[in-house]
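Student: If you want the building blocks of each chain, they are given just below.
Protein chains: 2
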Amino acid sequence: MRITQCLQQALLGVSIAAVAVGVRAEEPIQPIQPVKEINQALAELGKKLYFDPRLSKSGFISCNSCHNLSMGGTDNLKTSIGDKWQQGPINSPTVLNSSLSVAQFWDGRAADLKEQAGGPIANPGEMASSHTLAVDVVASIPGYVREFKLVFGGNEINIDRITDAIAEFEKTLVTPNSRFDQWLLGDADAISTFEREGYELFKTSGCVACHNGEAVGGNSFQKMGIVEPYQTQNGVEGRVAVTGKDADRFTFKVPTLRNVELTYPYFHDGEAETLTEATDVMGRLQLGRQFSDEENAKIVAFLKTLTGDQPQFLMPILPPSVDGTPRPQPFD
Amino acid sequence: MRITQCLQQALLGVSIAAVAVGVRAEEPIQPIQPVKEINQALAELGKKLYFDPRLSKSGFISCNSCHNLSMGGTDNLKTSIGDKWQQGPINSPTVLNSSLSVAQFWDGRAADLKEQAGGPIANPGEMASSHTLAVDVVASIPGYVREFKLVFGGNEINIDRITDAIAEFEKTLVTPNSRFDQWLLGDADAISTFEREGYELFKTSGCVACHNGEAVGGNSFQKMGIVEPYQTQNGVEGRVAVTGKDADRFTFKVPTLRNVELTYPYFHDGEAETLTEATDVMGRLQLGRQFSDEENAKIVAFLKTLTGDQPQFLMPILPPSVDGTPRPQPFD
Numbered sequence: 001m002r003i004t005q006c007l008q009q010a011l012l013g014v015s016i017a018a019v020a021v022g023v024r025a026e027e028p029i030q031p032i033q034p035v036k037e038i039n040q041a042l043a044e045l046g047k048k049l050y051f052d053p054r055l056s057k058s059g060f061i062s063c064n065s066c067h068n069l070s071m072g073g074t075d076n077l078k079t080s081i082g083d084k085w086q087q088g089p090i091n092s093p094t095v096l097n098s099s100l101s102v103a104q105f106w107d108g109r110a111a112d113l114k115e116q117a118g119g120p121i122a123n124p125g126e127m128a129s130s131h132t133l134a135v136d137v138v139a140s141i142p143g144y145v146r147e148f149k150l151v152f153g154g155n156e157i158n159i160d161r162i163t164d165a166i167a168e169f170e171k172t173l174v175t176p177n178s179r180f181d182q183w184l185l186g187d188a189d190a191i192s193t194f195e196r197e198g199y200e201l202f203k204t205s206g207c208v209a210c211h212n213g214e215a216v217g218g219n220s221f222q223k224m225g226i227v228e229p230y231q232t233q234n235g236v237e238g239r240v241a242v243t244g245k246d247a248d249r250f251t252f253k254v255p256t257l258r259n260v261e262l263t264y265p266y267f268h269d270g271e272a273e274t275l276t277e278a279t280d281v282m283g284r285l286q287l288g289r290q291f292s293d294e295e296n297a298k299i300v301a302f303l304k305t306l307t308g309d310q311p312q313f314l315m316p317i318l319p320p321s322v323d324g325t326p327r328p329q330p331f332d
Numbered sequence: 333m334r335i336t337q338c339l340q341q342a343l344l345g346v347s348i349a350a351v352a353v354g355v356r357a358e359e360p361i362q363p364i365q366p367v368k369e370i371n372q373a374l375a376e377l378g379k380k381l382y383f384d385p386r387l388s389k390s391g392f393i394s395c396n397s398c399h400n401l402s403m404g405g406t407d408n409l410k411t412s413i414g415d416k417w418q419q420g421p422i423n424s425p426t427v428l429n430s431s432l433s434v435a436q437f438w439d440g441r442a443a444d445l446k447e448q449a450g451g452p453i454a455n456p457g458e459m460a461s462s463h464t465l466a467v468d469v470v471a472s473i474p475g476y477v478r479e480f481k482l483v484f485g486g487n488e489i490n491i492d493r494i495t496d497a498i499a500e501f502e503k504t505l506v507t508p509n510s511r512f513d514q515w516l517l518g519d520a521d522a523i524s525t526f527e528r529e530g531y532e533l534f535k536t537s538g539c540v541a542c543h544n545g546e547a548v549g550g551n552s553f554q555k556m557g558i559v560e561p562y563q564t565q566n567g568v569e570g571r572v573a574v575t576g577k578d579a580d581r582f583t584f585k586v587p588t589l590r591n592v593e594l595t596y597p598y599f600h601d602g603e604a605e606t607l608t609e610a611t612d613v614m615g616r617l618q619l620g621r622q623f624s625d626e627e628n629a630k631i632v633a634f635l636k637t638l639t640g641d642q643p644q645f646l647m648p649i650l651p652p653s654v655d656g657t658p659r660p661q662p663f664d
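Residue numbers (the numbering used here), protein chains in the order written: chain A, 1 to 332; chain B, 333 to 664.
Hints were generated in silico from the structure; no laboratory data involved. Take the hints with a grain of salt, since some may be wrong.
[Unchecked claim] Incomplete in silico selection of chain B near chain A, CB under 7 Å:
{"no.": "1", "residue": "Phe383"}
{"no.": "2", "residue": "Ser402"}
{"no.": "3", "residue": "Met403"}
{"no.": "4", "residue": "Lys416"}
{"no.": "5", "residue": "Trp417"}
{"no.": "6", "residue": "Leu465"}
{"no.": "7", "residue": "Val467"}
{"no.": "8", "residue": "Leu517"}
{"no.": "9", "residue": "Leu594"}
{"no.": "10", "residue": "Thr606"}
{"no.": "11", "residue": "Gln644"}
{"no.": "12", "residue": "Pro648"}
{"no.": "13", "residue": "Ile649"}
{"no.": "14", "residue": "Pro652"}
{"no.": "15", "residue": "Asp655"}
{"no.": "16", "residue": "Pro662"}
For each residue, glycine too, the CB sits at the ideal point set by N, CA and C.
The shape of chain A in the complex, shown without the other chains (with noise of 0.2 Å):
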């Protein structure tokens, strides 16, 4: 009878789970899972090299100035700020969420986030380093060389483990619990019905065809401009750059908009300011969709019920260089 009883209980658990997750198991956006296997050691190391200018030539330019984990992993602005001020080509993407992208760069030329993390600090509108100067810096300085032997287990220290750690670090930087992922997840009330409408418009006119999956984009290269071409005053050709193709003309990874209300301004150009410009353009070029003003907004309010947990850390302090280090190169 207790047997019984523990059965029907199980069996009972088992339904309601069923239910619990099956409610939402048919929707093409996933919840962003929490971060597993991470070599805490090495996410450490990588959070300080992530947070050091000194891995620019003029020792003022970090990772985090135009990927600020202040401001949803962007700098905010159209296009990046490089060493000298130099204006960059394109628009910096968020670095959070970033580890579920199919691939880096908005033209994807990067395989994995390590070899992302090596681009910048050897370009020269960028960081403007080289991959041996930032080596040599590194490697003068005695807190790094402690820290990388005591998480690599040698002497070592190269641009491979450097972008390593970085790349740990950047896994770690994943947003759970936004309120639509509350709501995913089964708590009905976490999004209000304007927003679920928004939801079910972002569904039903296509835009969920390329935003889909845990970070509701990020997993596919699409052609900006597909129903009517995209006017842009910017030069960057997008994919094409990357297979040579001329049918990747003007094709990008598709931007993730897990906390897009905080990545602003938009599109691989940053030329949409506000997200119902960005949303009103895409409806139009892509799906040759007009929004109306009150479709527009509740796409736009659905949304914002993506930004989640901002990853939440203490500010590095890192270890200083010494009379031997190679000293930043600003005005020269």
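Since the structure of chain A is provided, determine the placement of chain B on it from the hints.
Tutor: Only chain B this time, still in chain A's reference frame:
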């Protein structure tokens, strides 16, 4: 009888305490006191503003850009980088323990931290905004509006309240518990014999005449180049710009030596790259004394015992701009 015992013990306690304090009571340097009487809510608001690059015209430069709390409260550059990569005229002093200074800036032109905080925001060569614009930006951001109301109890946002908050945060940036302070507080093993000998030299050769008190400096103005003139390409003339008195030419606020291991390069022009060089120049120009290599090394070793606990805090998450927020103008 028990009362007598009690009294004896109490008197003994007082006596021991007096001795414990008394051990180093005659020293010209006092331990950094932990933060007291802080308005925590005001400081938390100030922390956000301190890290907010939207106080600059470009949207790229925050207080933390040049007074980086990951790097001893400085930028570790000879002179700082301002709006459009302008080269600043002078070395950024550390914000750490700056609440202990007699006045702010190298020339003391601001009476206190609050007055200081308004300077760089509106300086065309630094953050290049204006107080009006900075207030407009902050007042447009709902997250700030709520927090100002909570903290100040009213709707008004003005530069007075903005700088009040920044200054309150900066008051929290003290660095107690250095090894030297542990020694001052009675732990004889906290510094080595070599370091202790460096401290004795620091006192007997006269460094301590200017570098004394809780901050080991910061409490007086002195001429740079007393015994021998200081040679520099840097055109800044110091306190004469404030007082108009010819006697104040090349007079600067004595910098704090707290955390000096982290605040390289040194002097108002940032021309001394190492503590060894700075100690040598100071000895010759201020004291007419050529330190031997060993003496220099001892003083440098002592100086490195002044590195205290760095402020540890959660990286702030900034409230996002909204459609009506004035946009940054990095390239105009």
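Student: Give a verdict on every hint.
Tutor: So, going through the hints one by one against the coordinates:
no., hint, in the structure
1, Phe383, "holds (5 Å)"
2, Ser402, "holds (5 Å)"
3, Met403, "holds (5 Å)"
4, Lys416, "holds (5 Å)"
5, Trp417, "holds (4 Å)"
6, Leu465, "violated (16 Å)"
7, Val467, "violated (19 Å)"
8, Leu517, "violated (23 Å)"
9, Leu594, "holds (5 Å)"
10, Thr606, "holds (5 Å)"
11, Gln644, "holds (5 Å)"
12, Pro648, "holds (6 Å)"
13, Ile649, "holds (5 Å)"
14, Pro652, "holds (5 Å)"
15, Asp655, "holds (5 Å)"
16, Pro662, "holds (6 Å)"
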